[in-house]
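**Student:** These are the residues of each chain, in order.
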Amino acid sequence: MKDILERLNEVAGVKGSMVVTTDGIVVASALENLGDDLDEETVAALSTHMIRSGRRALERIGHEPFKRVILNASWGRMIFLDMEIAFLVVAATQNIKLGSILIEIDSAAYKIRHRRVH
Amino acid sequence: MGLFDVFKAKKSQRTVSIEGKTPYQIATDVQRLIDKKQTSDALAMAEQGVYLFPRSDAVLSTYRFLKRETLTQQLAELRQKAEREPNPLVFARLADLFKDLGDYDKAVDYCKRGIEPQNDDGTCWRILGKIRLERFKEDFLPRDAILAIEYLERSFELNRTSYKTILELAELYSEVGAKRYAIQRAEAVLEFAPDDERALALVRKAQSLPDVRENLEDLVQAYAEKQRRAAQRRGRKPGETHSPSARLAKNPVQLRDRLGSLRALDGFAAAVATDAQGVVIASFTARELDEGAVAEAVKQAFEAAEACSYRMDIGHFRKGLFEGPSGYVYLLVFDEVHIAVLCDPSAKIDRLEEAVTRLVEHELYV
Numbered sequence: 000m001k002d003i004l005e006r007l008n009e010v011a012g013v014k015g016s017m018v019v020t021t022d023g024i025v026v027a028s029a030l031e032n033l034g035d036d037l038d039e040e041t042v043a044a045l046s047t048h049m050i051r052s053g054r055r056a057l058e059r060i061g062h063e064p065f066k067r068v069i070l071n072a073s074w075g076r077m078i079f080l081d082m083e084i085a086f087l088v089v090a091a092t093q094n095i096k097l098g099s100i101l102i103e104i105d106s107a108a109y110k111i112r113h114r115r116v117h
Numbered sequence: 000m001g002l003f004d005v006f007k008a009k010k011s012q013r014t015v016s017i018e019g020k021t022p023y024q025i026a027t028d029v030q031r032l033i034d035k036k037q038t039s040d041a042l043a044m045a046e047q048g049v050y051l052f053p054r055s056d057a058v059l060s061t062y063r064f065l066k067r068e069t070l071t072q073q074l075a076e077l078r079q080k081a082e083r084e085p086n087p088l089v090f091a092r093l094a095d096l097f098k099d100l101g102d103y104d105k106a107v108d109y110c111k112r113g114i115e116p117q118n119d120d121g122t123c124w125r126i127l128g129k130i131r132l133e134r135f136k137e138d139f140l141p142r143d144a145i146l147a148i149e150y151l152e153r154s155f156e157l158n159r160t161s162y163k164t165i166l167e168l169a170e171l172y173s174e175v176g177a178k179r180y181a182i183q184r185a186e187a188v189l190e191f192a193p194d195d196e197r198a199l200a201l202v203r204k205a206q207s208l209p210d211v212r213e214n215l216e217d218l219v220q221a222y223a224e225k226q227r228r229a230a231q232r233r234g235r236k237p238g239e240t241h242s243p244s245a246r247l248a249k250n251p252v253q254l255r256d257r258l259g260s261l262r263a264l265d266g267f268a269a270a271v272a273t274d275a276q277g278v279v280i281a282s283f284t285a286r287e288l289d290e291g292a293v294a295e296a297v298k299q300a301f302e303a304a305e306a307c308s309y310r311m312d313i314g315h316f317r318k319g320l321f322e323g324p325s326g327y328v329y330l331l332v333f334d335e336v337h338i339a340v341l342c343d344p345s346a347k348i349d350r351l352e353e354a355v356t357r358l359v360e361h362e363l364y365v
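Residue numbers (numbering that gives the first Met the number 0), protein chains in the order written: chain A, 0 to 117; chain B, 0 to 365.
With the rest of the complex left out, here is chain A (with noise of 0.2 Å):
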C-alpha cells in the first residue's frame, strides 16, 4: 500500500498521501514532503476530525455520508475520498489543476481496494 502511495506522491502537485480509518489508525502513508511538524500522528488526527465533523454536519441536514472531499486553502489543498474501508487522505499544491489529481487519486483508491479484496 505505501508503494501505490509513494507512487501517488510523484503526481505533480501531490505532497504527501495517507490511509486512514475513521477512528484515527493510519493504515499506511507516505507524507515526507510535508513540513517538518507535520508528522503521521498529526495528521491523521487532523483528517479524522475532519470526516466526522464533516460527515456530522451533514447528517444534520439529511444528507448521506460524504464520498469526497475537497478543501482549497490559500497555500494548498486536501482531498479525503471516501474507500468504504477508510479514507484516503492526500495533501496537493494549489498551482495544479485539480481534475488531473483526482483523476490519479481515484486510480490510487482503486489500486489499494483492489489489493485489499485480493
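It should be emphasised that the hints constitute simulated quantities derived from the structure, not laboratory data. This structure is a prediction, so every number in the text was calculated from the model and none was measured. All the pointers check out, no bait thrown in.
FRET-style restraints, in silico, Cβ to Cβ:
1) A292/B x I84/A: 29 to 35 Å
2) G34/A x Q37/B: 38 to 44 Å
3) S106/A x T27/B: 33 to 39 Å
4) G277/B x T20/A: 26 to 32 Å
5) G266/B x H48/A: 25 to 31 Å
6) K163/B x N32/A: 24 to 30 Å
7) R6/A x Q79/B: 24 to 30 Å
8) R114/A x I348/B: 24 to 30 Å
9) T41/A x E156/B: 26 to 32 Å
10) R350/B x E39/A: 34 to 40 Å
11) D210/B x E39/A: 44 to 50 Å
12) Q79/B x K1/A: 29 to 35 Å
13) G34/A x I348/B: 28 to 34 Å
14) R233/B x L101/A: 33 to 39 Å
Quick reminder that beta carbons are idealized off the backbone N, C-alpha and C, glycines included.
Model the placement of chain B on the given structure of chain A, informed by the hints.
**Tutor:** Chain B in isolation, oriented as in the chain A frame:
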C-alpha cells in the same frame, strides 16, 4: 520601504485603472490585455488587482499566470543550470524565482536543497523568510509573520553583514511596532555602513514608535488584524464606507438576491450565508429546508475545514466541496461571510463551480 509600500509606490505610477471593478471584471480585462499582447499593462492591472483583492482566486491566478509568462525563459535557463551544476547559489536563485511566481511549494523545495549544513550563508533562509512574508501579505495569518521573523533571524545569524536581510528584519520589526528589535537591527547595518540612509531612516522611524511592552507574538497578532482590516477596506467601491462583506452582512435582502442568482443551476436546493459565528444572515431556498439545521451544519463544516487548513499549514480555508449520494455542499468564504450552496446529485460540478466563482468574484461586489 515597508511591507505594503512597494504596492503603494507602484500605485502612483499606474496608467491602467481598475477603480470600481469587481475581481471577475479585473481578471477578464487582464485576460483581454494579454490577448492583445499588452503584457506590461496587463501586469500593471493584475498587480493593482492583487493589492485590492488579495483573496480573490480569479485575480491571483491571472497575476501568477502573467508572472510565469514573463519569467519562463529565465526559469528554463536556471533549471538547466541546476541540472548541469547543482549548487546552493543556483538553488537559491530558483527558489527566489518560484517565490516571485507564487509557487511557494517549489520555492521551499529549492530552499531546502540549497541549505548546506557546513557552508550556509543564510541566503535560502532569507528566501524562506520572504516566502512567509508573501504568504502573510495575502493571508494575514500571524503565524506566517512569526515564521518570517524566525527565518530572517536565522539568516542573520549565519551572515551578520547581509544588508538585505538586516534591513528586511528592521523594516518588519518596525511595521509590527517592535521598537527595540527594529532599532537593534537597523543599528546592525550602521555597524558596517554608518552613513546608510535607509538604515538611518529606519532608526529614526523606530525611535518614533511608542514604547510598549514588547511581546512579539502579541504585536504581530495586532498587526495582522490591522492589515486584514486594511485589505478589506481596499476592496471597497469608491464612496463606500463598508467592505463588500460588511455591506452584505448589513443588507440581508441584497445578499438574498445575490444568492438567488444561483437558482438557475440544475439541482440547486439552497444557498445560505452566515456570519463567522454561524448566525444566518440570508438564505435562498428552492425547496423547504430547516434553516436552523442548515446553519448549524454549515458552521460545523466550516469550523472543521478551517481547523484542518490552519493545522496543515496551508493558510486560510477558502472553499470546499462535499460530494456524496445526497448531492453536493459547496462552502466558500467571502471575507467574514460564510456561504454554503446545497445541490442535488443532478447538479453538474463544473456548472456549480462556475456559478459559485461568478457569485463570489463578481455578484457579491456589485
